[in-house]
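J.: Residues per chain are reported as follows:
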Amino acid sequence: MTPLTGYLLVAALLFAIGLAGALTRRNAILVLIGIELMLNAANLNFIAFWRYGPHPEALTGMMFAIFSIAVAAAEAAVGLGLVIAIHRHTHTTDLDQINRMKG
Amino acid sequence: MSFAFYLIAALTVAGALAAVLLKNTVHCALALTVAFAGLAFLFLQLDAQFVGFAQILVYIGAVAILVVFAILLTRGSETPKDGGIFSRTWLVGLAVAAAVFAMLGWAVLQSVAGLPRATPEPTVTVGDIGVALMGRYVLPLEIVALLLTAALIGAVIVAMHEKEGSK
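Protein chains in written order, with the numbering used here: chain A, 8 to 110; chain B, 9 to 175.
A hint or two may mislead.
To be verified - Chain B stretches covered by chain A per the calculated footprint, using a threshold of three residues with CB under 8 Å from any CB of chain A: (1) 57-68; (2) 95-107.
To be verified - Partner residues are not named here, just some residues of chain A that face chain B (Cβ under 10 Å, in silico): (3) Ile24; (4) Ile76; (5) Val85; (6) Leu89; (7) Arg95.
Read the hints as simulated data drawn from the structure, not as lab findings. Every value quoted in this text rests on a predicted model; they were computed, and no experiment measured them. We put the beta carbon where it would ideally sit given N, CA and C, even for glycine.
Bound-form chain A, shown alone:
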């Protein structure tokens, strides 16, 4: 197994774990945790391909990962703010009970 294969398999496993968490958990915050795990798995792919790709000095994968981290931080802030707003409105973060968009 080449090193790149190992990193790609770890990233695929992390992505699947994050997806399973986002699709199966009832708590909205845990769904956001799953999404964060998926974004991190994608970052790991970018960095692994940057490291083992033909032109690491071009920094393409590295830059993509840096911008992805920044966008993920913005996403986490807005997502958790939304969860807090929904909790204030409906007094629950259980996604099985939050089933309408009208307040």
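For chain A, the structure is supplied; the task is to place chain B on it using the hints.
T.: Structure of chain B alone, referenced to chain A:
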């Protein structure tokens, strides 16, 4: 493949599994921190020092704390009385995730022949990253700055208390 890689990969995957499987949401957030730390170590193993330390600063320093704050503000650590911690359609979600992992794993293992083996360690310093950010990637950098400002203001407005009678 070094022993350190297997150790860190096992730590990361264990942290991620605990983050989606544990019952208490605060424990989930702490397990998520372990997974983030493992990912930062993986980045360091890949000679991406800047991204590794940015991962520690942004994810362990900010996102994990934000998640803990959100859990405490919503009293989310209370486990629901009815049912369990998993949604009614958990079987479908698990099947979709397993199918995605099978697909990704198959694609990675099939393409082994075309992947490069060992390449020399890239000599990229933080200075090079700074020069690239200020040169070729200056426009995306500005857009990210705008996005972060908008997200900051948006998060505050969304989470701000509603005024009485504004519904």
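J.: Quick check: which numbered hints come out false for this structure?
T.: none
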